[in-house]
Each structure stands twice: as C-alpha cells, then as structure tokens.
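J.: Join these two chains into a complex; the hints should help.
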Amino acid sequence: MNVENALKTARNGVNTEALMGARAALAETPAAGQFTWRAECDWVHGTHSRSTVQGFFGLGAEQSHTRAFTVEADHPPQFAAADNAATPVEIVLSALASCLTAGVAAVAQHRGIQLRSVKANVEGDMDIAGILGVDADVRNGFSAIRVSFDVDADATGDEIAALVAQSQKRSAVFDIVTNPSNVKVTVA
Amino acid sequence: MPRLSTVIIGAGHSGLAMSRALAGRGIDHLVLERGQVGNSWRTERWDSLRLLTPNWMNGLPGLPYAGADPDGFPPAATLVRDFESCAAMNGAPLRTETRVLSVTWEAGYKVRTDQETLSSDSIVVATGACALPNIPAFADDLPAGIAQISPITYRRPDDLPPDGVLVVGASASGLQIARELALAGRRTILAVGSHLRLPRRYRGADILTWMHRAGVFDTPYDQVDDIERVRRTPSLPLMGSDTHETLDLNALQDLGVEIVGRFAAIAEGKAQFSGSLANFCASADLKMNRLLDAVDRRIEADGLQVPDAERSAPTRVPDAPRLTLDLARSGIGTLVWATGYRPDHHWLHLPVFDRKGRIRHDGGVIGDGLYVMGLPYLRSRHSTHIAGATADAEALAGHLAERLPRRHAA
Chain A
1 MNVENALKTA RNGVNTEALM GARAALAETP AAGQFTWRAE CDWVHGTHSR STVQGFFGLG
61 AEQSHTRAFT VEADHPPQFA AADNAATPVE IVLSALASCL TAGVAAVAQH RGIQLRSVKA
121 NVEGDMDIAG ILGVDADVRN GFSAIRVSFD VDADATGDEI AALVAQSQKR SAVFDIVTNP
181 SNVKVTVA
Chain B
1 MPRLSTVIIG AGHSGLAMSR ALAGRGIDHL VLERGQVGNS WRTERWDSLR LLTPNWMNGL
61 PGLPYAGADP DGFPPAATLV RDFESCAAMN GAPLRTETRV LSVTWEAGYK VRTDQETLSS
121 DSIVVATGAC ALPNIPAFAD DLPAGIAQIS PITYRRPDDL PPDGVLVVGA SASGLQIARE
181 LALAGRRTIL AVGSHLRLPR RYRGADILTW MHRAGVFDTP YDQVDDIERV RRTPSLPLMG
241 SDTHETLDLN ALQDLGVEIV GRFAAIAEGK AQFSGSLANF CASADLKMNR LLDAVDRRIE
301 ADGLQVPDAE RSAPTRVPDA PRLTLDLARS GIGTLVWATG YRPDHHWLHL PVFDRKGRIR
361 HDGGVIGDGL YVMGLPYLRS RHSTHIAGAT ADAEALAGHL AERLPRRHAA
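Line by line, the protein sequences give chains A and B. With the first letter of the first sequence counted as 1, position 32 gets the number 32 in the working numbering; the numbers rise by one all the way through. With the first letter of the second sequence counted as 1, position 90 gets the number 90 in the working numbering; the numbers rise by one all the way through.
There may be inaccurate statements among the hints.
Here are some chain A residues pointing at chain B (derived, C-beta under 7 Å) [to be verified]:
1. Ser117
2. Ala136
3. Pro180
4. Asn182
5. Val183
6. Lys184
Residues from chain B that face chain A, not an exhaustive set, calculated with beta carbons under 8 Å [unchecked claim]:
7. Arg203
8. Thr233
9. Ala278
Don't read these hints as lab results, they were simulated from the structure. Remember, it's a predicted structure, so these values are computed and weren't measured experimentally. Virtual Cβ for every residue (Gly too), placed ideally from N, Cα, C.
If we strip away everything but chain B, and leave its shape as in the complex, we get (with noise of 0.2 Å):
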C-alpha cells in the first residue's frame, strides 16, 4: 500500500470529525478502528447510561442534533447509530476491526496493525480519554473475596455479588452507579474525595445552557491559568434522565447512600477513609455557589426573564462520617474504582510522552505530524463534549495540512 498522508486511530467522535475534517481538505487518510464505529460506547458502557449533555451538544460532524428533543439525553446506543449514520454520511475510509499494534518512526511513520502495516506522513491519535481506569496502588491490598470493577467493566446491579458495594470516587459515573445500586436496593457506601457540585436545571434552563451562556466552556487552552489542573478536572456531576434530576451527595443520601470519605488507604484489611469530607463538601458547594453567581450575573446583564435564583441546600455531611471499614467482615461484596480514566497510548512508541506517562502536547499538536484528539481541555472545555470535537478537527487539521509533505502530481 503507498504511503498515506494521515492515519487516524479510533472511528469515535473525534476520529470521525478529524476524517471529515481531512476529507473536506482533500487530504487521503484511513481510520483504523479495533472493533466497530464508536466502540468504547458499544462495549465499555454501563447498560442505563445515558450522556448527561443534552442532544444539542451531542452534534456528530456534518450531524447536527436536528430532532425534536435539543434537551433530552440520548442512550449511549442511539449516540452509537449517530456514529455509524455520521460515518456513512461522511464516507469516512474506515478500517474496522483493525487494532493498532504499534506505531514508530522509520523515515515515516509505521503503523502495525494485526491486519497489515500501514506507512504514512502524520498520525491523528483519537483512541479516547476514557481507556483505562485510575486504580490506585493500594487495590491490591484488598482482600481477595472482594470483586474489584470500573465503571468500564460495570453493567448492571444484578450482577455483582448480593451484597453491599463500596462506590470509591463521587464524579459522574460514582454518583451514578451509586444512585443505581441504592435503588436496586444494594447497601451503597460512597467514598467522596475532591469532587463538583451542580443542580441539573437552575432558573428555568439546564445547567449547561447557562455554563455556555456565561462563557465558561470558551477560554481556550493557551490562555488558562493552571491547564494542568483544568485537564484534572472529572466530568461534571450531572446525569441525563427525562425527568432532569439533580444528582448530588444529598440525593443520594436521601436514597440511602451512607458518605463516607477519601478512600486513603488500607490498613490491615480495613479500608481507611480520610477525614476531609466535610472540607471536600463545603468547598464543592462554595465552587458550585460561585459558579451560580456567574450565571446569575450573566443573565441580569442579559436583562433575561427567567424564574428567581433557587439554591441547593447545602451538602449534608454526617456528624462523624466513618472512618473505616472492615472489609473482610462488613458485608461489603464489591469495590467500584469510580476514580477516573486515563488513556491507553502504549502502542505509540515514540518519545512523547512526559514522565507521568502522558502525551506532551499544544492543543492537540505533538510535533512532526503527530496529533491527539479527545483528551480533557485540549484546546478548550468544549473539547471534552461530543460536539466539541469538530472545531477541534478543524483546527489540528489545518495544522496538520499546512505541513504535509508536497507530493508530485501523479
């Protein structure tokens, strides 16, 4: 096979508007794709998942959200179908089924796959944020009766043992797989380190509405104050239902959820949990106050009519939140690291990475025709969304074209 001028890893979102995005450039490229179109949302999703952005912001490239309902949240399944629809209207040169091996440099690049090896001039790295779950090192501590999951390995409540699960972290998917066992009638501890706090609907909108309103998704990557500590930040602490309900510490205790918090350690067998919950709650009220201040502001600015300001009730926090947990005898039956995802990038063999193991890059751009998509504020916080990813494809393949090499016309 010649010489392609791209090969992109991974047909998601960013994958597939990176494809558009070349293709509008007449640039000739392959997606390469280990399973079928949008597989992480096919195979490493819980069954009732449904996206906490609204169908407005979920738009695919060249598919913007044009039904009947811009507010309500898709299932990851009917995210998938927009994927496969995206990829067909967009004639994306997929190669499905396809897992990348490795890719290095020998005067070019090299792509290894376990179907063929590819040669090209740039690679679009699109293989997602979300590949691997952040388990701290003590997990090995545990003792072995316990069942250890992810919220990538999570499905559903019935399966796990019949007993009382311990939800480790207090982001999206923690809130939302302990309000799902507590309702499944499963004893439910959370473990609650630094975490966020919003109410899904506030002042007659959707939250998000008011977040793009006051501007906060906009500042792009170069001009934020500390981006290694944006690009920490988890997913926002919301959930998609039709009945737009706010998911927060105090919901979830009204369902039973006992709080508990920073799992720190294990100490001979007992789980240790951080004395700090009440400061991580105050502050998350304080940040989501503040927050809400802004967009108060915003909307007297706006001289908008909207219904007056009501705020949440602050974080319950237990007079003497527990400390520890026998593991072995407290009835507990599965741990669930809900404490975030990094990416999986071993197949990159190349020397970009820093010595936390993360890409180097400037808003996508890694240097010598190499580029990664779909990463936390990689070129702003609209990066993180789905739609986000067609101003980024935008950009990076602009980058991408001003520098490719000039081929002779055949």
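Just chain A, with the same shape it has in the complex (with noise of 0.2 Å):
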C-alpha cells in the first residue's frame, strides 16, 4: 500500500506522518527512545486511591502531559468498600482495550483504512480464592483475558482482521500483559 495515498484517504485523527517521523529518527538516535513512564499514587481512604500522572522522561530528556491526569480506584460494595471508582483490575482490562484501540487507530490510518465505529468489549476472569489466600493453587490474577473487536471501517472482514492482529503486535500493554516484567518494590 502506498503511504501518501493512504494519509490522503483515511480520516481517523491519528498523525501517522509524525509517527513515521519518529520511527526514522529513532533509528539514528536510539537513546531518545528510552522513555520511562510514572505514576504517583497517594491513599485516600479504605481501598479508595488516587494516582496522578502529568511528567515522563523520553526524548533524552524530561517532559510532561500538557496537565495533570488523575486515575482514581476503589472496590465495588460488594468487597465492603465504598465504590469511589474502578477496581485496578478494571484499570488493567480499560487499559488493554484502549492500548489495542488506539494501535487499530494508527494501524487503519498507516494503511488507509477509513474507521466508521470502534468498539471492544474486555473479559477477565478471576477466582478470588487466589487474593483471599483460600487457596495456594489459584493465582492472584486473570486467569483468562477475552477482548473482542467490533469493527465498523471501510475494509474487508481480513482486512479488519489484520488491523487487530497488528495492533496486538504492536501494544505496549498486551505485552505487559501476556508476558513477565521485573516488578522491584521498595519503602523510602
């Protein structure tokens, strides 16, 4: 597929020429690529937190959101707390499916596929033996991950099929996800 035709064609908002920009110059400056993300979460009260996100380093050098974002959680009644806001694991599954979302995005743009609709619904199951300490066996975690796509574009059911593909190919949080990450915790 040629390029050009493709950012001429498709109006889906993502600046796949700046992305592009990017993927050249890092290959000349790889350093720049090192970015490390942070997030600083403060208690509030219960199992209700809050954590803000604004600066990031990349670029060789300090940066920041243009504000501060806050992402909020709790526990839902049912685990006696008061339902401030979403469970983590809520976050975990929102954040997979905006990762994979937002790859679909740039994906369908970079190959000039205009999207109508983009929808998709995420599925975690978990037994909560596992965090009670019920039992040894049952991991804490999702033992499973469901997501699924409904894509209204103007594209083949393969096509449409390829962006997905692609997108998971491409997503930083399917692969935090799907495979293991050095996890070091300290107190101050």
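T.: This is the structure in structure tokens:
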C-alpha cells in the first residue's frame, strides 16, 4: 500500500506522518527512545486511592503532559468498600482495551482504512480464592482475558482482522499483560 | 485369615512407630509394605542425599539415637539400616513385597493386595507424604527434547544429558540438587518462587537445636491459626553435611547457579519466569530474621552464654533476572521439577478426600477406624520429622484402641 495515498484517504485522527517521522529519527538516535513512565499514587481512605500522572522522561529529556491527569481506584460494595472508582483490575482491562484500540486506529490510518466505529469489549476471569488466600493453587491475577472487537470500517473482514492482529503485535499493554516483567518494590 | 484389628499400610518410620504402639497395647495387626522396610528411602532418593535433620532428631520407635555423633547427618542408607533394626527389635508383624491394590468398606475394611485379601476393623495409612511429585500442568507443553525428572527419580549428575539443567523450586530438594549439579560443572538455572531461608548454624549451634529450644515445632495442630497454610510449608531449606554448611541462594550463586523467578508458564516454547523474584527473596530474608529474633529472645531469656549473633547478608538478587528462556535453543537438556510432593492414596476407595484430593483428617484421625500418619504438620511440626512419628503413633494408637469393637475372649 502506498503511504502517501493512505494518508490522503483516511481521516482517523492519528498523525501517522509524525509517528513515521519519529520512527525514522529513532533509527539515528536510539537513546531518545528510552522512556520512563511514572505515576504517583496516594492512599485516600479504605481501598480508595488516587494516582496522578504528569511528568515522564523521553526523547532524552524530562517531559510533561499538557496537564496532570488523575486515575482513581476503589472496590465495589461486594468487597465491603465504598465504590468511589473502578477497581485496579478493571483499570488494567481498560488500559489493555485502550492500547489495542489506539493501535487499531493508528494501523488503520497507516493502511488507509477509514474507521467509522471501533468498540472493544474486555473480560477478565478471576477466582478470588487467590487474593483471599483461600487456595494457594489459585493465582491472584486473571486466569483468562478476552477482548472482542466490533469494528465498522471501509475494509474487508480480513483487513479488519489484520488491523486487530497488528495492533496486538505493537501494543505495550498487550505485552505487559502477556509477558512477565521484573517488578521491584522498595520502602523509602 | 481371621479379621485383624488393624492393618498398617507402609513400613516406614510412621508404620513402624504405629506397629510398636499397637503391640504395646496388645492390639493384633499386620504391617503391609510394597517393597522392603523403608522402601522409599531405598528406591526414591538420590545417591548423595543425607538427612537434613541431625541424628538426635531421627530416632526410631524404641531406638533413639545412641551413637557418638548426635549432631551428624546420616545418609539414606544408614536410615534404612536403622529401620531394619527397629523392625527386628520390635518384632513388627511385617508382610513385605505386598502391594495394596485397594481398601474398601464391606461390613469392615477389606484390604486387597497383590498377595491376599485381608479384613480388619481399622486401617492406618502410613504410605508417606512424598510419593508423587507435584508437577504443573504446563509441563506437557515442554519441547520433547528436554528430559523431565523429579527429585524422586534423580540419582546423580552423570545420569542427565550433558547439557544445562533448569531446576524448578527452591526448597530443600531443589537447592540440594542445584548445588550438586553446579559442583559437577553443569550450567544450572534455579527457578525460585515463594521460599524459606535458614542458616545451618547460628550462635554456636545447629538452627534446628534453636528452633526446638524456641518452641517453634511444638504448637499442636489444633492451635495453629491457619493449619492449611502451615501444612503447605515445604521442608526446611537445609542440607546435611560434615561441614554443616549453609544452603541458600547466595551460596548457590557463589557456585555459579543463575537464579530466576517462579516458573509461571510456557509460551511459544519459551519458559516464562515471574518478575517477582526480588519480593520472594526479600520475604525469605524477613522471615529468616524474624525467626532468628525469636531465637535471640530465647537465648537472652535463658541467660545462655553463646557467641554473638551473626546474620546472613541479604539474598543477592540480580538487577534484571532472566524472564524468559527459549527451551529449545538454550542448551538446557534437563528440567528437574522440585516443586513439591503429594501422597499417593489412589487405592483408598473411601469418601474421605476433600475437593483437592487430600485426605480430610483431624490430627491423623479420619474417622470410623481410619487413620493417616506421616503427613506434614499432622499433629505438630514434629510430625514431619522421623522421630516425630513416635508421639503421633502413641496419640493415634490410644484413640484407635478405645474404639475397637470388643471381641469375645477365645
């Protein structure tokens, strides 16, 4: 597919040109690609907490969002909690869906596919015998995650399937959820 | 054959202890053994294995240790010899080379063996806690070229294909086998999940001496907060040697062993290791130091004149432990599943199991004349030790004797 034509034909709101430029630039200066993302989380009350994100490191320097964003988390009454916000595991599912959806839009833009609507439904199965310590053989996290995409676009079924497949290949959150990462927790 | 009062299944330390306890009460019984006395210690242990408990903790019923080296660690062969002496001394009514095929209830217990069928009023299951290795289901996804063994089938480094070895599990068996392989010059990777850490010696004595003195083995099973949890606790991460050396992750890393996180899954032919290694190691260090704090308090309370406390350095964790290993291309030829054991009670055709296939029991009492011995924390932490069988057998034999049907005198 011709990229120039694609950029002319699709209007998905993704600046693929800038992303392609960044990719070319990174090939020359790989160090600029080293990013560190951050969130600061404050306990509010009970299981309610509020995380703030603003600064991050990348492109060789300290960077900032245009403003601070907050993400709150809590638990529902079924967990004897005040239900001020989504649970952390629902936020993980949301992050996975958001990352894949952004990928679908970007890949569609790059391939000249006009999107009309994209909806992702995400489900994660969990046996809470794990987090409650009832059964040591049950893991704390999801035993399975399912994502179902409903995409309306000017494209064939196979082209849409290829969009969704490519978005998984380039998704940070998909990788985070499917592959292990070293996590180090310290006390200041 | 007339109906017996009791059939004991298994002639290890538990079965022999129960036999002696029943004989002392004049209760007629037989001890069935699929092989010879101490069968699993003869046939399911690696060559170099020595007990991790010192001689004074390995006394058999009626045969407490009386040698010159109470702090020494016997090899398995010595224990087997002691089993034979114990059985002979106590005149245990043994049927060796007799494999139990099933136990059922038919107006009394029916014990079908490959020799004969017996009837009895009561049954003591003493076939051991470590009959089968616990192997995760994803083991089936391993590439075919990799040999899979467990500590039950491992014998010596030379038996393994001449490649690297991935040892999974960091309790006593996994640590000891990883050490032996590293000393034999094998590239060795050890996958480490939740584990414990102990020094072999502390303040001039064996750590087990201090643990006894601090009372950590004594709490009865019915006074433990979470008996399910303590029954899952693996054997203590120790080894028995003449030099009384400490076996921990630092010692293994000094020998060149690479430590990685818990073996979590296999994806596309690659082993995936959890990123939680740092936390598991920090937890093990914290637990070790809590135990040693308790030992220090006991030493102080008892006014003992012993050397000052010297604590082990924190476990060294690599900055970025390996997260994946391509099993086909990594040069790993063998995988050792040192991921724990479970009993083999498949021949017990009675509704006595919980939903996870474990025997439900109350300190070894299953009910209706059925008893089990030799499981972790059966009645206290002593139950796990060889010498602990004597007290468990006495308690359970007393229970059993009270409930036997009265027979008319001949």
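J.: Can you verify the interface hint for Ala278(B): is its Cβ closer than 8 Å to any Cβ in chain A?
T.: At 5 Å from the nearest chain A Cβ, Ala278(B) passes the 8 Å test, so the hint holds.
J.: Any CB of chain B closer than 7 Å to the CB of Val183(A)?
T.: holds (5 Å)
J.: Hold the hint about Thr233(B) up to the distance rule: shortest CB distance to chain A must be less than 8 Å.
T.: violated (10 Å)
J.: Taking the closest Cβ pair, is Ala136(A) under 7 Å from chain B?
T.: Hint holds; Ala136(A) Cβ to chain B Cβ min 6 Å, cut 7 Å.
J.: If you take the shortest Cβ to Cβ gap from Asn182(A) to chain B, is it below 7 Å?
T.: holds (4 Å)
J.: Are Pro180(A) and chain B close enough, Cβ to Cβ, to be under 7 Å, as the hint says?
T.: Where the cut-off is 7 Å and the nearest Cβ of chain B is about 5 Å from Pro180(A), the hint holds.
J.: Tell me if the interface restraint on Arg203(B) is satisfied: Cβ within less than 8 Å of some Cβ in chain A.
T.: violated (28 Å)
J.: Against chain B, is Ser117(A) within 7 Å by beta-carbon distance?
T.: violated (32 Å)
J.: With 7 Å as the cut and Cβ atoms as the points, is Lys184(A) at the interface with chain B?
T.: Lys184(A) check passes; min Cβ-Cβ to chain B is 5 Å, inside 7 Å.
Violated hints, listed in ascending order, are 1, 7 and 8; each of the other numbered hints is respected by the structure.
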